[in-house]
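A.B. asks: Listed below are the residues making up each chain.
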Amino acid sequence: MGDTRNLGTSPDEVQFRFRDDEPVDHAAVTVDACCDQTNATAVRIEPGDDARVLLPFLGRLALVEVNFPGFGDGRGYSAARILREAGYAGELRAVGDVLIDQLSHMRRCGFDSFAPDQRLDEEDARRAFATWENVYQHAADRRRTIAEMRHEA
Amino acid sequence: MKILTGNDLRTGAVTWWNGTGWSLHVNDAVDVGDQAEEIIAREVAARRVNVPYACQATRTIEGVRPAHIKDRIRALGPTVRPDLTLKPQDPQAIDWVI
Amino acid sequence: MYQYDHYDQAMVEARVAEFRDQARRRLEGKLTEDQFKPLRLMNGLYLQLHAYMLRVAIPYGTLDARQMEMLADIADKYDRGYGHFTTRQNIQYNWIRLEDAADILADLATVGMHAIQTSGNCIRNISSDHFAGAAADEVVDPRPYAELMRQWSSFHPEFTYLPRKFKIAVIASAKDRAAMRLHDIGVRIVKRGEEIGAAFYAGGGMGRTPMIAPLIRDFVPIDQFITYAEACLRVYNRYGRRDNKYKARIKILVHELGAAEYTRQVEEEFAHLLSVGVEPPREELARIAEHFAPPAFVDGPKTVDRSDPDFALWVDRNTHRHKHDAYVSAVISLKPAGGIPGDATSDQMRLVAKLARDYSFDEVRVMHTQNLLLPHVRIADLQAVWTSLDAAGLGSANMDTIEDIIACPGLDYCSLANARSIPLAQRISERFAATGRTEVVGELKLKISGCINACGHHHAGHIGILGVDKKGVENYQLSLGGSEAEDVALAKITGPGFDEDGVIAAVEKVTDIYLAQRTNGERFLDTYRRIGMEPFKEALYG
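Chains as they are written, first to last, in the numbering used here: chain A, 1 to 153; chain B, 1001 to 1098; chain C, 2001 to 2542.
Simulated from the structure, these hints should not be mistaken for laboratory data.
Just so you know, not all the hints are guaranteed correct.
Unchecked claim - Straight-line distance between alpha carbons at most 27 Å, and here's what the computed DSS-like set of lysine-lysine pairs gives:
id, chain 1, residue 1, chain 2, residue 2
1, C, 2165, C, 2191
2, C, 2492, C, 2165
3, C, 2077, B, 1087
4, C, 2470, B, 1002
5, C, 2471, B, 1002
6, C, 2175, C, 2509
7, C, 2037, C, 2245
8, C, 2077, C, 2247
9, C, 2037, C, 2247
Next comes chain A alone, as it looks inside the complex (with noise of 0.2 Å):
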């Protein structure tokens, strides 16, 4: 039950990824060992962490796993836009749970890599990631707004 136990997916488990560098290849730590280990590199956030405790090591982390338990624990989606608010560049990757029906707004908030638990069919997920062809509101992917293009110039 150590807190340096590590966890996390391997490349091979990642379905889909939107970034060009090379995925990191050695294993996530809890949040609580990340605050302590002063190397670590890829950190798992469960539901019931808050993101914000990672705020001061975002310069140090290539990978943030974000683990959806049930696909209905709808926290996951407030971590990964906090941190992509506060600037974390790095792989934001959606573990567990992750079903064809959350990978829009999964991608809104953030997520730009995919290990769900159960291989997902491609072409759904394709036709899913592309389900909205303009958005609302405001999101980490910082896609203009309907609002936005209403009153441009």
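We have chain A; now place chains B and C onto it with these hints.
C.D. replies: Then chains B and C, alone, in the frame of chain A:
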């Protein structure tokens, strides 16, 4: 007796396990004994029923009468709209529910 | 009223396509029911006692004739010729097939309607004052603010998997005609000098543990309004309880943290989000508000011909003062004595559409009291309107009387219910109508819920009735003294429950006590507040 009931996946209609399939009529319901879980698992996987569950019922002269008023309402239809129930012409039908 | 532009239209159509795909995957077995359920709920599709039930959104209770006609057509084409108007200003159809649901949503989309987020653990329909745009006492029409919130809350990527449902009401008057303090977030648009802003209340709700929302911030400048709402939601999404379904609403979070601490967390998040910049451009509110410009009112007579006593009674009971003195707002009662509260046939819906088109600038409203409303009727046209309504069974002159009962569908329709509520409503309204006591009793808001979820708003009833399951038999708890208005209060239980006959007799006894004790034009609620529970308890239980 222990009977099984659920809703049809496509239409939402209330259905009752009749031993080989799912009937719209509660009087076709059969006693499933201790087989409820096995039947439920198989039928849900095959999508022949949605959200089924077991409930208690008694056999009466007319047929099968679920023990709980909720299941009797499901068997017949809304008590306040006799015209929309399975027995719109039967003046005794609402009494059977209550 | 608001008209979709091509962006809005595309969003609704994208949602239809998304749901069509989800339903296909369910029917093919690619989604289990557990996986599909939250998705279909977010498109208003419940599985109820007899069939699927579809709850169509009527944003802030406003629709035009064309939309009402579509609702009638859907009732005929896909359902059994009627619909039920709800306590959140929506409409429900009870006999829907999953295989038709996507087609229904597609039909709705052709008239700018949808069933988006009318259920599920997400932000629900934004409700508002049914007299919006007509009431003399509003600071401003609240609906543009409700529409801004509707767009902000639709498909919000961060708030789609909240701990529980989230209901928002927006009003713009000191009088609360939308039960605002009993919502998860209540917003009152206010003026400070010439500046417009929003007072935010959070943590109200009915259900298992009813609570009145405390004030969180008395003035948020209107150009930070959405940012503040986002802060409130983010704190809830992060810290609302997820361990127990019955403790997952924001009211529990606000109660357990205390309003001061919840406010502190919101203000912190608000400051952060201001720096991120999530507010829509201020021109957007102005653009939306243009759709709500007042219609071209014309002068006319300010009184009616009272020679027909039935018409005069209807005018006295069912019309509401308008900001223009040649107009009134006219309530269309869906509560004929002995009828099913809130239900309307497709023919009745078509008639209402016609009246809206001919007499109310093509606008009709759904009231949270399960009635309909023509917001802008010339006094000169009232006779014609009433004659049509009366012929169609929509002319009951009983607004806010004991016949104007709010009742959830109850065990006749709803899989969550413990007891039937509609038969109770029918018997009570019939009894009071038959004995002529309705008029004598005057204003009395009776609300009936078939289970603890309180969709009938019984906690806010002057008289409230809650259906419970007592060892497999329907039983009813009686409560007194609730109010959903600006004098908001939660009703108190009288004592042990009753069976169906017993609770009807109890309601009569309670009104007997009121009639015996009232003074100086007191309403039932006033007498109750003056004399307290004891005299009623005494009469009920001896």
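A.B. asks: It remains to establish, for every hint, whether it holds in the given structure.
C.D. replies: Quick rundown of the hints versus the structure:
no. : hint               : in the structure
1   : C:2165 with C:2191 : 30 Å, violated
2   : C:2492 with C:2165 : 25 Å, holds
3   : C:2077 with B:1087 : 22 Å, holds
4   : C:2470 with B:1002 : 22 Å, holds
5   : C:2471 with B:1002 : 19 Å, holds
6   : C:2175 with C:2509 : 31 Å, violated
7   : C:2037 with C:2245 : 16 Å, holds
8   : C:2077 with C:2247 : 40 Å, violated
9   : C:2037 with C:2247 : 21 Å, holds
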